[in-house]
Amino acid sequence: MTEIKLPRRDFLKAAGAAGVAGAAATTGIAACSPETQTAANASAAAPDTYLVLTNEEVAFLSAAVDTIIPADALSPSGTDCGCVVFIDGQLGGAYGGGAKMYRAGPYMKGTPEQGYQLPLTPHQFFVAGIRAANAWSEKTYGKLYDRLTPAERAEALTAWEKGVAQFDGFESRLFFQRLLQITMEGFFADPIYGGNRNKASWRMLGYPGLPATYADKVEEYRDKPIVVTEPLSIADFS
Amino acid sequence: MVTKLKEVDAVVVGMGWTGAILSRELTKAGLNVVGLERGPMRTPRDDFAIPAIRDELKYTNRHELFQDTAMETVSLRHAMSETALPMRRHGSFLPGTGVGGAGSHWNGATWRNLEVDYVVRSHYTEKYGRNAIPADMTVQDFGVTYAELEPHFDKFEKLCGISGQAGNLRGKKIDGGNIFEGPRANDYPNKPLARNFASSTFDTAARSLGYHPFPQPSANASEAYTNPEGATMGQCVYCGFCERYGCESNAKASPNVSVLPVLLPDPKFELRTNSYVKKLNYDRAAKKVTSVTYVDTRTGEEYEQPAGLVILGAYVFNNTLLMLYSGIGTPYDPVTGRGSVGKNYCYQYTGAGVTVFFEDAETNPFMAAGAFGTIMDDFNGDNFDHSGLGFIGGGHISAGLSNGRPIETRAVPPGTPRWGKAWKEANAKWYRRWFNVAGTAVNYAYRDNYLDLDPTYKDALGRPLIRMTYNFKENDYKIGAFLSQKSAEIAKAMNPTIMTEPRFRRGDYDSRPYQSTHNTGGTIMGTDPSTSVVNRYLQSWDASNLFIMGASVFPQNQSYNPTGPLGALAYWSADAIVNKYMKAPGPLMQA
Ligand SMILES: Cc1cc2nc3c(=O)[nH]c(=O)nc-3n(C[C@H](O)[C@H](O)[C@H](O)COP(=O)(O)OP(=O)(O)OC[C@H]3O[C@@H](n4cnc5c(N)ncnc54)[C@H](O)[C@@H]3O)c2cc1C
Ligand code: SF4
Numbered sequence: 001m002t003e004i005k006l007p008r009r010d011f012l013k014a015a016g017a018a019g020v021a022g023a024a025a026t027t028g029i030a031a032c033s034p035e036t037q038t039a040a041n042a043s044a045a046a047p048d049t050y051l052v053l054t055n056e057e058v059a060f061l062s063a064a065v066d067t068i069i070p071a072d073a074l075s076p077s078g079t080d081c082g083c084v085v086f087i088d089g090q091l092g093g094a095y096g097g098g099a100k101m102y103r104a105g106p107y108m109k110g111t112p113e114q115g116y117q118l119p120l121t122p123h124q125f126f127v128a129g130i131r132a133a134n135a136w137s138e139k140t141y142g143k144l145y146d147r148l149t150p151a152e153r154a155e156a157l158t159a160w161e162k163g164v165a166q167f168d169g170f171e172s173r174l175f176f177q178r179l180l181q182i183t184m185e186g187f188f189a190d191p192i193y194g195g196n197r198n199k200a201s202w203r204m205l206g207y208p209g210l211p212a213t214y215a216d217k218v219e220e221y222r223d224k225p226i227v228v229t230e231p232l233s234i235a236d237f238s
Numbered sequence: 001m002v003t004k005l006k007e008v009d010a011v012v013v014g015m016g017w018t019g020a021i022l023s024r025e026l027t028k029a030g031l032n033v034v035g036l037e038r039g040p041m042r043t044p045r046d047d048f049a050i051p052a053i054r055d056e057l058k059y060t061n062r063h064e065l066f067q068d069t070a071m072e073t074v075s076l077r078h079a080m081s082e083t084a085l086p087m088r089r090h091g092s093f094l095p096g097t098g099v100g101g102a103g104s105h106w107n108g109a110t111w112r113n114l115e116v117d118y119v120v121r122s123h124y125t126e127k128y129g130r131n132a133i134p135a136d137m138t139v140q141d142f143g144v145t146y147a148e149l150e151p152h153f154d155k156f157e158k159l160c161g162i163s164g165q166a167g168n169l170r171g172k173k174i175d176g177g178n179i180f181e182g183p184r185a186n187d188y189p190n191k192p193l194a195r196n197f198a199s200s201t202f203d204t205a206a207r208s209l210g211y212h213p214f215p216q217p218s219a220n221a222s223e224a225y226t227n228p229e230g231a232t233m234g235q236c237v238y239c240g241f242c243e244r245y246g247c248e249s250n251a252k253a254s255p256n257v258s259v260l261p262v263l264l265p266d267p268k269f270e271l272r273t274n275s276y277v278k279k280l281n282y283d284r285a286a287k288k289v290t291s292v293t294y295v296d297t298r299t300g301e302e303y304e305q306p307a308g309l310v311i312l313g314a315y316v317f318n319n320t321l322l323m324l325y326s327g328i329g330t331p332y333d334p335v336t337g338r339g340s341v342g343k344n345y346c347y348q349y350t351g352a353g354v355t356v357f358f359e360d361a362e363t364n365p366f367m368a369a370g371a372f373g374t375i376m377d378d379f380n381g382d383n384f385d386h387s388g389l390g391f392i393g394g395g396h397i398s399a400g401l402s403n404g405r406p407i408e409t410r411a412v413p414p415g416t417p418r419w420g421k422a423w424k425e426a427n428a429k430w431y432r433r434w435f436n437v438a439g440t441a442v443n444y445a446y447r448d449n450y451l452d453l454d455p456t457y458k459d460a461l462g463r464p465l466i467r468m469t470y471n472f473k474e475n476d477y478k479i480g481a482f483l484s485q486k487s488a489e490i491a492k493a494m495n496p497t498i499m500t501e502p503r504f505r506r507g508d509y510d511s512r513p514y515q516s517t518h519n520t521g522g523t524i525m526g527t528d529p530s531t532s533v534v535n536r537y538l539q540s541w542d543a544s545n546l547f548i549m550g551a552s553v554f555p556q557n558q559s560y561n562p563t564g565p566l567g568a569l570a571y572w573s574a575d576a577i578v579n580k581y582m583k584a585p586g587p588l589m590q591a
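In the order they appear, the protein sequences are chains A and B.
Residue numbers 1 to 238, in this note's numbering, belong to the letters of the first sequence in order.
Residue numbers 1 to 591, in this note's numbering, belong to the letters of the second sequence in order.
None of these hints come from the bench; they were simulated from the model.
Some clues are possibly wrong.
Said to hold, decoys possible - Subject to a maximum C-alpha distance of 30 Å in a straight line, what follows is the list of computed DSS-like cross-link-like pairs (lysine-lysine):
id, chain 1, residue 1, chain 2, residue 2
1, B, K580, A, K162
2, B, K421, A, K139
3, B, K6, B, K580
4, B, K492, A, K224
All figures in this text were calculated on a predicted structure; none of them were measured in a lab.
Using the sequences plus the hints, can you model the full thing?
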């Protein structure tokens, strides 16, 4: 995890500027907080910077995370919540490089229940998977995934989810599962990793974040809402 | 080059719950003890502090505190005819590493086994006849009874400051506690934890159907507590970051909080971290382990530590591996049934139940303790008549959630898409309004579920990985169907807005989703050296100065989480070492 620590501060700055613009513009929830209002009004979107993702990968992932998490009254889009920046940080860090992964061969195809058996690190997996998904998109629609209409993007994602799309040398279903997982991580993780900007997903859920000390509340709020005006992140305590 | 060190009285391999308890008991008895732990030092102050400890991505998804699979993992096949493949990332279970072991990041559900759990073979055979136990089901009696272990359960509960409600105090049944538990001499040291919506809703429904629900006995302290060792615990703050996390409030019993504060300052004890034990050096003629060889994981240098007494507390996989690597005992052969090292590997069969959604109740799932909720044991063990059911054993049914961590713990009603606008709306609506009602079942041993050395894959030290040949069996599926049905009946009585279809695991054991770190067997205990690795005092039949701790000694797995039972066995064994073995070193039982 240590590799990820260095760029954190930059992510935060980017989050403060770019992410919130989308947030406050589209949701009533984000607008509850006076600070976020100010940030939103003040900012012109600063460009996101990437550690390892190529332009094609950024375009692909932006289209994908916006299909998974479309902007609506509940939250800004996946991209505006920082999911692509999050994915970049993860793939460029220890996790993406295969930390805590047993990598010795031989590599053999097993049953699904035996778990992941590819020689690829998470970063290599997404490089190869995005290439395969885009190739499939060109073959099927004549266009790269990010050029598709919203309806086509959703249709394509469904084909991967069901595993009916035939990628060249890659399992579309496995690719979908990992894409969905890392997008969820980006959307719901603590904002210190560059995703979940302005705690958009926590607002959407009504999740208060830190410090999470409820000895005096657990019984009182057993069946009634506890109102969360401003969820708190690790960064708010650091 | 191996550096040979000066002999010590005792060496303890692994500094989790069992290693810490044995180290403490042996130093108290006057021995000089060296503890060898493969992982790093971990202290609550430095490693479990707020705000960093509230990082779901780091601890849950990126496995911050768990054993590094790059170093060592387990290979899996579902049948002897298949080729095992390595678990390249841990999924279904998460072995610990570092000082405190998995005990530093467990949830704290702390049980006493039922009386029947210790005598599975004799009980079911006597009561339901010779054919009650299928021919290939290799369940055995433990060789020790609940009554013998009772004082040791009591000791472990006091060490941990367990919060709970007694249900059987010296034979007197107490409403509100677990009336099916064996008689206990004392109540729990702390009162039960608070009740949330799930706990009380389930309690009312189960009672209305004539069942006997009770609060989950928990190592999350309901109030500040000082244990008999003098170690202090804070009050649980219901943070919802319990399992997989260290406790920021010192409220979760752990080796780090409950034992090490008194053990570490003891001059009779020396802890060496980053010390990976590779092998036990065995003198076959003398039937003794003479020393252990370990690697300093920071430098790669090897050391040989001679010791008069050797304790293995290295968890199921390393306990079994070290016996196999060191050539102690006979490896189990599933074809002939001979040998016992690696025999009777079992796991846990979980999640047989339903999810319920309540439109009108905001249950705030993030306000939760780790071992939290209401349980009933009416369908556990042999607490109900098994005639005609086609299975033996059972499970406990529980209701509740231990957290509301947003990446991991969200449920949406059946039929909701997994992404897109409708998915978002469902999450926003239901995140705070659901919980599970589900059974956790026993997992009984079979002839062809076992552990041995992998023929192909190696760990970072060049030794074979441990190979797991394992699958669920008919007995498991039948209990699953039964418990999911019972869970659904109780859930229905709670009148939820939406309830899922009853579900239970079918098909092959899946190594991917987390189920539990309740792996058992491999160095099982018993009274017959041809069918067990250690005797009833956890002493190796093949090396009288070697004692093996932990769930690897369970002949099969009960439905309960393992730490209460293995904690009691650790104290039972320590008592035998101090009061019998140290007075007359040698075998405590004749082979
Ligand atoms: C996420 C999670 C939740 C859990 N929740 C519960 C629960 O609610 N209730 C319950 O009863 N149980 C629970 N458990 C299980 C519980 O943690 C274990 O039963 C308990 O910790 C076992 O204690 P132990 O001493 O046998 O092993 P461990 O605690 O695993 O300690 C073994 C130690 O040995 C060290 N070691 C291993 N091999 C070597 C070697 N070769 N050389 C040197 N050192 C070595 C390890 O690094 C480790 O520190 C949970 C486990 C996990 C992972
Ligand atoms: S739930 Fe309680 S015991 Fe568990 S980590 Fe939080 S405060 Fe500690």
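> Straight-line Cα separation of B:K421 and A:K139 no greater than 30 Å?
Replying inline: holds, 28 Å
> Is the straight-line distance between the alpha-carbon of B:K6 and that of B:K580 30 Å or less?
Replying inline: holds, 26 Å
> When you check the alpha-carbon spacing of B:K492 and A:K224, does it fall within 30 Å?
Replying inline: At roughly 22 Å apart (the allowed maximum being 30 Å), A:K224 and B:K492 satisfy the hint.
> Are the Cα atoms of B:K580 and A:K162 separated by 30 Å or less?
Replying inline: Distance ~63 Å between B:K580 and A:K162 Cα, so the pair is violated.
In the structure shown, a violation is registered for the earlier hint numbered 1 alone.
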